[in-house]
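At position 81 of the sequence shown (counting the first as 1) the number is 89 in our numbering, and the numbers step up by one without a gap.
Everything labelled a hint here was simulated from the structure, so no lab data went into it.
Remember, predicted model here, so these are calculated numbers, not experimental data.
Errors might be hidden in some of the hints.
[Stated by the list, open to error] Heads up, simulated SDA-like pairs for lysine to any residue below, C-alpha to C-alpha not over 25 angstroms straight-line: (1) 83 x 140; (2) 11 x 213; (3) 195 x 51; (4) 195 x 156; (5) 59 x 116; (6) 136 x 83; (7) 11 x 195; (8) 195 x 59; (9) 195 x 213; (10) 59 x 110; (11) 136 x 106; (12) 136 x 156; (13) 140 x 109; (14) 11 x 205; (15) 11 x 200; (16) 136 x 64.
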Amino acid sequence: MLKLYGTPPTRALRVIWLLNELGLEYELHPVDLLQGEHLHQDFLSLNPAAKVPVLVDGDLVLTESAAIQIYLAEKHPQAGFIPESLENRAQMYRWIFFLVTEIEQPLWRIARHTFLYPEENQLPQDVKLATKECIDMLAVLERHMAEREFIVGDLLSVADFNAAYTLDWASEENMLAGAPRLRDYLKAMYARPTAPITIREAFAAMESEAANSPFTG
Numbered sequence: 009m010l011k012l013y014g015t016p017p018t019r020a021l022r023v024i025w026l027l028n029e030l031g032l033e034y035e036l037h038p039v040d041l042l043q044g045e046h047l048h049q050d051f052l053s054l055n056p057a058a059k060v061p062v063l064v065d066g067d068l069v070l071t072e073s074a075a076i077q078i079y080l081a082e083k084h085p086q087a088g089f090i091p092e093s094l095e096n097r098a099q100m101y102r103w104i105f106f107l108v109t110e111i112e113q114p115l116w117r118i119a120r121h122t123f124l125y126p127e128e129n130q131l132p133q134d135v136k137l138a139t140k141e142c143i144d145m146l147a148v149l150e151r152h153m154a155e156r157e158f159i160v161g162d163l164l165s166v167a168d169f170n171a172a173y174t175l176d177w178a179s180e181e182n183m184l185a186g187a188p189r190l191r192d193y194l195k196a197m198y199a200r201p202t203a204p205i206t207i208r209e210a211f212a213a214m215e216s217e218a219a220n221s222p223f224t225g
């Protein structure tokens, strides 16, 4: 059976979404980042970069959420999440790379400099720069989606499942105020019955679990 290492609200949600869409059974192995479980040797043997998610499929160990999404979609072509034409596949890859390099990357910088890094290492100025960069790139995607239902062509593709999680992250940072089309697109994607929980819902679940823990207080 497939094994997925990772815990919402991390990018494991991208993989969970594809697994749900494909109707695949899998074992979810939570990795508590706050407790440093990603630094344990057994996890580092799966991903020396000490990051989630990690997918284990038989002898295959695969990291990087976008790569895992593509792998699952290609392994199950009957779902139609990989465009048939070379041109549309190229556009799918283009927008996935755009999402992870131009939108996700500044979001990560903001996260690092607001709560991931120790306070003495946080750079407020970099948060301002990353916020502007992200909003500028969201505007590019907003224009692209102006007359579109999906990122590429007329059908759902891996790019849409990648984009939905990324845009949910941007929404959590209040960056979609000037992107009404992206807000509508995000709402439509998360209305799908196979959609995973949102980032906000995942954080709320974590807070509730911590509050109800017998080791709290």
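Structure-based check of each hint:
Annotation: proposed proximity of residue 83 to residue 140 is violated, straight-line Cα distance about 38 angstroms (limit 25 angstroms). Only pairs whose Cα atoms come within 25 angstroms are accepted, and residue 11 paired with residue 213 is accepted, the gap being roughly 22 angstroms. At roughly 35 angstroms between alpha-carbon atoms, residue 195 and residue 51 are farther apart than 25 angstroms, so this suggested pair is violated. Annotation: proposed proximity of residue 195 to residue 156 holds, straight-line Cα distance about 14 angstroms (limit 25 angstroms).
Between residue 59 and residue 116 the CA atoms are separated by roughly 13 angstroms; this keeps the pair inside 25 angstroms, and the hint holds. Straight-line distance between C-alpha atoms of residue 136 and residue 83 comes to about 41 angstroms, which puts the hinted pair past the 25 angstroms bound. Between residue 11 and residue 195, the direct Cα distance comes to roughly 29 angstroms. Violation of the 25 angstroms bound is thereby established for this hinted pair. Annotation: proposed proximity of residue 195 to residue 59 is violated, straight-line Cα distance about 28 angstroms (limit 25 angstroms).
Of the supplied pair hints, the one linking residue 195 and residue 213 holds, its CA atoms being roughly 20 angstroms apart against a limit of 25 angstroms. Under the criterion of a C-alpha separation no larger than 25 angstroms, the hint pairing residue 59 with residue 110 is consistent with the structure, at around 20 angstroms. Straight-line distance between C-alpha atoms of residue 136 and residue 106 comes to about 21 angstroms, which keeps the hinted pair within the 25 angstroms bound. Only pairs whose Cα atoms come within 25 angstroms are accepted, and residue 136 paired with residue 156 is rejected, the gap being roughly 31 angstroms.
A hinted pair counts as satisfied when its Cα atoms are at most 25 angstroms apart, and residue 140 with residue 109 qualifies at roughly 15 angstroms. Taking the CA atoms of residue 11 and residue 205, the gap is about 19 angstroms. The hint holds against a cut of 25 angstroms. The hinted pair formed by residue 11 and residue 200 meets the criterion: a straight-line CA distance of about 24 angstroms does not exceed 25 angstroms. A hinted pair counts as satisfied when its Cα atoms are at most 25 angstroms apart, and residue 136 with residue 64 does not qualify at roughly 38 angstroms.
Of the numbered hints stated above, those contradicted by the structure are hints 1, 3, 6, 7, 8, 12 and 16, listed in ascending order.
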